[in-house]
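Visitor: Given next are the chains, with one letter for each unit.
Protein chains: 2
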Amino acid sequence: MISYETSQNMISLLPVGSLRSERVFLSDALGRVLAEDIIADEDYPTHPTSAMDGYAMIHADFAEYKALAILGDNPAGADEVASVENGICIKTFTGSLMPEGSDTLIPIENVTAKEGVIVIDKPVAHGFAVRPIGESYRKDEVLIPCGTTVTFAQIGVLAGINRVMVRVVQRPRVSIIATGSEILDIGESARNVGQIRSSNSYTLQALVTQLGGECLQMGIVGDDKSAIMERFDEALRSSDIVVSTGGVSVGDYDFVKHIVPKLGAEVIFKGVNIKPGQHDMVAQRGSKFIISLPGFAYSSTVTFILYVAPLMGRMMGRANPYEPIEATLKVPFAKRSNKSEFTACNLSFEDGRYWVDFEGKKTGSSAILTNLLGNAALMICGEDDGDLEEGTLVRVIKL
Amino acid sequence: MISYETSQNMISLLPVGSLRSERVFLSDALGRVLAEDIIADEDYPTHPTSAMDGYAMIHADFAEYKALAILGDNPAGADEVASVENGICIKTFTGSLMPEGSDTLIPIENVTAKEGVIVIDKPVAHGFAVRPIGESYRKDEVLIPCGTTVTFAQIGVLAGINRVMVRVVQRPRVSIIATGSEILDIGESARNVGQIRSSNSYTLQALVTQLGGECLQMGIVGDDKSAIMERFDEALRSSDIVVSTGGVSVGDYDFVKHIVPKLGAEVIFKGVNIKPGQHDMVAQRGSKFIISLPGFAYSSTVTFILYVAPLMGRMMGRANPYEPIEATLKVPFAKRSNKSEFTACNLSFEDGRYWVDFEGKKTGSSAILTNLLGNAALMICGEDDGDLEEGTLVRVIKL
Chain A
635 MISYETSQNM ISLLPVGSLR SERVFLSDAL GRVLAEDIIA DEDYPTHPTS
685 AMDGYAMIHA DFAEYKALAI LGDNPAGADE VASVENGICI KTFTGSLMPE
735 GSDTLIPIEN VTAKEGVIVI DKPVAHGFAV RPIGESYRKD EVLIPCGTTV
785 TFAQIGVLAG INRVMVRVVQ RPRVSIIATG SEILDIGESA RNVGQIRSSN
835 SYTLQALVTQ LGGECLQMGI VGDDKSAIME RFDEALRSSD IVVSTGGVSV
885 GDYDFVKHIV PKLGAEVIFK GVNIKPGQHD MVAQRGSKFI ISLPGFAYSS
935 TVTFILYVAP LMGRMMGRAN PYEPIEATLK VPFAKRSNKS EFTACNLSFE
985 DGRYWVDFEG KKTGSSAILT NLLGNAALMI CGEDDGDLEE GTLVRVIKL
Chain B
635 MISYETSQNM ISLLPVGSLR SERVFLSDAL GRVLAEDIIA DEDYPTHPTS
685 AMDGYAMIHA DFAEYKALAI LGDNPAGADE VASVENGICI KTFTGSLMPE
735 GSDTLIPIEN VTAKEGVIVI DKPVAHGFAV RPIGESYRKD EVLIPCGTTV
785 TFAQIGVLAG INRVMVRVVQ RPRVSIIATG SEILDIGESA RNVGQIRSSN
835 SYTLQALVTQ LGGECLQMGI VGDDKSAIME RFDEALRSSD IVVSTGGVSV
885 GDYDFVKHIV PKLGAEVIFK GVNIKPGQHD MVAQRGSKFI ISLPGFAYSS
935 TVTFILYVAP LMGRMMGRAN PYEPIEATLK VPFAKRSNKS EFTACNLSFE
985 DGRYWVDFEG KKTGSSAILT NLLGNAALMI CGEDDGDLEE GTLVRVIKL
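Listed in order, the protein sequences are those of chains A and B. Here our numbering is used: the first residue of the first sequence is 635, the next is one more, and so on. Here our numbering is used: the first residue of the second sequence is 635, the next is one more, and so on.
It is worth saying that the hints were derived from the structure and are not from the lab. The reader is advised that the hints may include incorrect statements.
A pair counts as met if it fits within one copy or between any two copies, since identical chains are not told apart.
[Claimed, not checked] With a straight-line cut-off of 16 Å between C-alpha atoms, the simulated EDC-like cross-links for lysine to aspartate or glutamate are:
no., residue 1, residue 2
1, 896, 662
2, 891, 991
3, 896, 819
4, 996, 677
5, 922, 1019
6, 995, 1017
7, 773, 675
8, 859, 1023
9, 748, 886
10, 1032, 639
11, 1032, 769
What you are looking at is a predicted structure, and each value in this text was computed from that prediction instead of being measured.
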């Protein structure tokens, strides 16, 4: 068995090829990853622009005049605006271009206006309330680098530069296959009490979706060699990553581990010194990957996060979406094995720090998916770590 | 003008009525908020279940026998399984029910099996590798409380209890109206250099979507009283919250602030001692709300986060999605006004703490939306705060 650290290195070295991109409407870009640098094609603003409601004037006039004649009105977006000259001002509104000749905006609150004249009550500094050319950005500036995930701010900036179409990274396609003759699909009636309701397929589908992938739900396949073989082959032809659950342990009906090599796939690794999920397997066929996870609900979810998520991230040109962060143990932790352990914990944020505790978390088998509910995270305890004291700084994967 | 704190209290007291729910397929539940407690309708597992591959046996036999006869095979999901008696074991796999009479599973690795017999190499404790009834949860246990946002773990747990349909909170409907004769929509050709490309509509639409609301994009309306009136009325008839940008300041063309009361809406507050966004206005007509934000891109985005987001949260029975967290200032901060200031900053997480700096952030008008790109957050500096020293613990809104 290889170590957790080695397995992570091997994932980071898998040849995912160059980024594949597509062009989408801005309305479909939310949550996608940019496949191009977004570059400003002009200064913004392109002209000096008023930042307040007031009167555009020449600053030198403060020394010469106590009152200025109002030449007219300059609403935002106006076509033609008169010029300002000494002794004259133009009423100018937030967002309006500053009239030719003016250099300063005196706000409404700083003057007394009557009968076509403003009396200056309180002068302002040179250039007051004028947005200079390029205040927000300059032509040719990289506004948003390639590889950025698009959220509301990127949408706004893209709209502001009139980008209707955006080049984004294609969603990696991930097929999910659940194996096991005991698995009963959602909505199906049970035939006997030994059947187990499927949850893996749906947990992992939700993870694929949350991570920005496109999920192909391949369904459940029983412990039948040719059926498994067919389903895997179909999935490989349809997707970039095939994720399966079950069939990788040491049981007589664990066929997946034998079938994957028969599909012409090269096994990259099989078996990692981690808990849960020691039997997982990563294989490659051409440009496609197969990641076979254990069948227990907690194990398959954790190993998906450890292996599939970073691979999907790499295919999208993103950092690992589940990069560990540091937190402080609120309580002692008893190590249970000589493996790298990934333990469900509660993560809270108080006094400027993240804290870890295990209140309400059950110990037991790796079947307990409910441990991942709530503000759950995975605490990492290294292969060489022993028991940990209260107050220890630990690494956690925020879910 | 009221204080920021008062304005937040007023938002928290707006009468949003009781939660409205709907039933959706599990496949549509991701990201939605549960409108029901999810309660287990049976113990899980319902029967003692094997957690490993091995041989089901009676623990007392360790004292009596060195070898046990293998009675047969018990694959997971099997219909009928024989019973275990003294001196006998049954090969049992991960996920299989424990056969009648057995109490312990000895793993494959702990025995030598040949010719229908296992020789015990290494005994295990009583109950080893047996998942007891109710290991994951008990009948009638609340697995997921009402008000929880559904992510991958909730999807898996819901699938595991065979929930095809789930009751979730309805998405609040939010209409967006951008006002201003200078606003040029995305894709439109400019008629003059004074026009400003629309970004507010799209930034706020993305925020509504990210927060789990349903957005109605009402488009841009010029500074024309009857046109504004009609668009607001249509939006009020169509949605729970009408969000507008522009038209609330002190300019001659700022019509929104005059029109909202004419729509029969009661103004809850107008003007808050904050920067940016001091002119924003919150009003109510029947069960509907109007939130009128300033027109500048940074101002409208920040005030949406301060006022619309918590109101949407309340309508969904959620906590404020943008609850401030604590971070440490990496550099000194110079306060610019006697208002509560919301300053765009960079938020990083190092050494177990969040840190705030302003590298690359531009000072200037409230038009600079690009300040919200990157790992941006909003640093809150209170009305009564002065300049802040490096190392100060500050509150930030993570975006």
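Visitor: A separate judgement is required for each hint: does it hold in the structure or not?
Guide: Against the structure, the hints come out as follows:
Taking identical chains as interchangeable, the C-alpha atoms of residue 896 and residue 662 are never at most 16 Å apart, the minima being 40 Å within one chain and 37 Å between chains. Neither within a single protomer nor between protomers do residue 891 and residue 991 lie at most 16 Å apart by alpha-carbon distance, with minima of 36 Å and 50 Å respectively. Taking CA atoms no more than 16 Å apart as the test, residue 896 paired with residue 819 passes in neither setting, with 27 Å inside one copy and 57 Å between copies. In this homomeric assembly, residue 996 and residue 677 come within 16 Å of each other (Cα to Cα) only across copies, at 15 Å, whereas the closest approach inside a single copy is 58 Å.
In this assembly of identical chains, residue 922 and residue 1019 lie within 16 Å of each other by CA distance neither inside one copy nor across copies; the values are 35 Å within and 57 Å between. With identical chains, the CA atoms of residue 995 and residue 1017 are never at most 16 Å apart, being 22 Å at best within one copy and 42 Å at best between copies. For the identical chains of this complex, residue 773 and residue 675 are intra-copy neighbours only, at 5 Å inside a copy versus 62 Å across copies, given an alpha-carbon limit of 16 Å. Taking CA atoms no more than 16 Å apart as the test, residue 859 paired with residue 1023 passes in neither setting, with 48 Å inside one copy and 67 Å between copies.
In this assembly of identical chains, the alpha carbons of residue 748 and residue 886 lie at most 16 Å apart only when taken from different copies (15 Å versus 95 Å within one copy). In the homo-oligomer, the alpha carbons of residue 1032 and residue 639 never lie at most 16 Å apart, since the shortest distance is 19 Å inside one protomer and 31 Å across protomers. When the C-alpha separation of residue 1032 and residue 769 is checked against a cutoff of 16 Å, the pair qualifies neither within a copy, at 38 Å, nor between copies, at 25 Å.
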